[in-house]
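Note that full-length UniProt numbering numbers the sequence shown so that position 209 is 209, with each residue one more than the last.
Please note that a few of the clues may not be correct.
Claimed, not checked - Dumping the calculated DSS-like pairs for lysine-lysine here, alpha-carbon to alpha-carbon at most 25 angstroms: (1) Lys187 <-> Lys120; (2) Lys26 <-> Lys75; (3) Lys60 <-> Lys187; (4) Lys120 <-> Lys26; (5) Lys75 <-> Lys55.
To be verified - Okay, the calculated beta carbon distance ranges per label pair: (6) Arg50 <-> Lys366: 55 to 61 angstroms; (7) Glu336 <-> Ser193: 43 to 49 angstroms; (8) Arg22 <-> Ala146: 25 to 31 angstroms; (9) Ala18 <-> His188: 16 to 22 angstroms; (10) Gly119 <-> Ala200: 32 to 38 angstroms; (11) Glu307 <-> Ala200: 43 to 49 angstroms; (12) Ala123 <-> Arg197: 28 to 34 angstroms.
It is worth saying that the hints were derived from the structure and are not from the lab.
Computed from a prediction, not measured in an experiment: that's the story for all the values here.
Each residue gets a CB set at the ideal place from its N, CA and C atoms; glycine is no exception.
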Amino acid sequence: MSRQVNVSLCMIVKNEEAVIGRTLEKADRYVDEIVIVDTGSTDRTKEICRKHKAKIYDFKWTASFAEARNYGLGKAAGKWILWLDADEELEVEDEQLWRSSLEQSTPLLWAVPIINYYGKEPADPNRAYFAAQHRVFRNGAGLRFAGAIHEQLQVGQIPDDALELRQLPARIHHYGYMDAITGEKNKHHRNLSLLEREKANEDYSPWVDYHLASEYYRVNQYEEAFANLNISIRRFVSAGKLPPSLIYKMKYDILLALGSIGSAEQGIDRAIQLYPDYTDLHYYRGVILFIKEKYEAAEAAFRYCLELGEERLPYLILKGVGSFYALYLIGRCREESGDMEGAKVFYKRAIDLYPGYDEARERLQKLAHDDKQA
1 MSRQVNVSLC MIVKNEEAVI GRTLEKADRY VDEIVIVDTG STDRTKEICR KHKAKIYDFK
61 WTASFAEARN YGLGKAAGKW ILWLDADEEL EVEDEQLWRS SLEQSTPLLW AVPIINYYGK
121 EPADPNRAYF AAQHRVFRNG AGLRFAGAIH EQLQVGQIPD DALELRQLPA RIHHYGYMDA
181 ITGEKNKHHR NLSLLEREKA NEDYSPWVDY HLASEYYRVN QYEEAFANLN ISIRRFVSAG
241 KLPPSLIYKM KYDILLALGS IGSAEQGIDR AIQLYPDYTD LHYYRGVILF IKEKYEAAEA
301 AFRYCLELGE ERLPYLILKG VGSFYALYLI GRCREESGDM EGAKVFYKRA IDLYPGYDEA
361 RERLQKLAHD DKQA
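Based on the provided sequences and hints, a complete structural model is requested.
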């Protein structure tokens, strides 16, 4: 008697021998079927997938990640589709709740929090961005991916109440933005080429401009990134859509990196009007006020970040903006205002939350040294 397939893991891969084994090992017990679409591996990727009893399908590369992913959807037999990349790992926090949640008949989609690590090895949850994405969806509901690169699940035809972020008891660890992986794969030029090709289409999505900005941002080409962000904002508005929150996050990140804060205070206030509960925007507002030496107002902004916290899953949240980074900058505000004892308190609180926070430790040590010299 054949085993009932409830959850199909669907992936597209090419030359992922370094990571695919761990990805499948982590997901194995929580899925009933593994569907692998291989776009031309020449290493041991397929061999490793076979060890996990994966169904492997060869797919000729068409310069579209969405086409490859949709091909895999057509091969899946499960009631639910879980989609992952090879540089991601699934962690289920409560297996019984995971399975009982997926027995429900009402939701079309489930969200899973994603931890996007960055920086050097080893991965550190204090050096990460957090977000939630629809990573599990009902098979046969007509959902498909679109986009040659940074493909997105198309949910535009789904009623708003069905798009509520109903969260599964799991998380996905994503390592693709870590220095070692981005350096090894050297994906930047490939991604730019695919995005420019997609932009040549007359009706291309404004998301393409955002993804172009992301590629330039990743290699510190901030002027190019900023120009593409502004194009994206204009095209979202022209289409009658609210520009997504993460566009404004990147915009003010870039302005701070460039030191262009002349009119940034008014601009960030307008962005906050659009997304009043987005912690990162309030954090950037605090940084702008701090640079302008408005320390009392800056401290108030950072305190509001602590109040908002970081459990804001519809948003892309930088770990620390609602905790140790905000505490550290309150300490800086106190120090600049002459309250050295108050500064020490907040530096210590930041270090308590993140013992590896070198900047906070250095400021604290400097104040202690100054006390001894007095």
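Going down the list of hints, with the structure as the test:
1. Lys187 <-> Lys120: holds, 18 angstroms
2. Lys26 <-> Lys75: With a Cα-Cα distance of about 22 angstroms, the restraint between Lys26 and Lys75 holds, given a limit of 25 angstroms.
3. Lys60 <-> Lys187: Distance of about 19 angstroms is within 25 angstroms: holds.
4. Lys120 <-> Lys26: Holds. Lys120 to Lys26 sits at ~22 angstroms (cutoff 25 angstroms).
5. Lys75 <-> Lys55: holds, 9 angstroms
6. Arg50 <-> Lys366: 55 to 61 angstroms: Because 57 angstroms falls inside the window, the suggested range holds.
7. Glu336 <-> Ser193: 43 to 49 angstroms: Given about 46 angstroms between the Cβ atoms, the range holds.
8. Arg22 <-> Ala146: 25 to 31 angstroms: 29 angstroms Cβ-Cβ, so the 25 to 31 angstroms window holds.
9. Ala18 <-> His188: 16 to 22 angstroms: holds, 19 angstroms
10. Gly119 <-> Ala200: 32 to 38 angstroms: 35 angstroms Cβ-Cβ, so the 32 to 38 angstroms window holds.
11. Glu307 <-> Ala200: 43 to 49 angstroms: holds, 46 angstroms
12. Ala123 <-> Arg197: 28 to 34 angstroms: Since the Cβ atoms of Ala123 and Arg197 sit about 33 angstroms apart, the hinted range of 28 to 34 angstroms holds.
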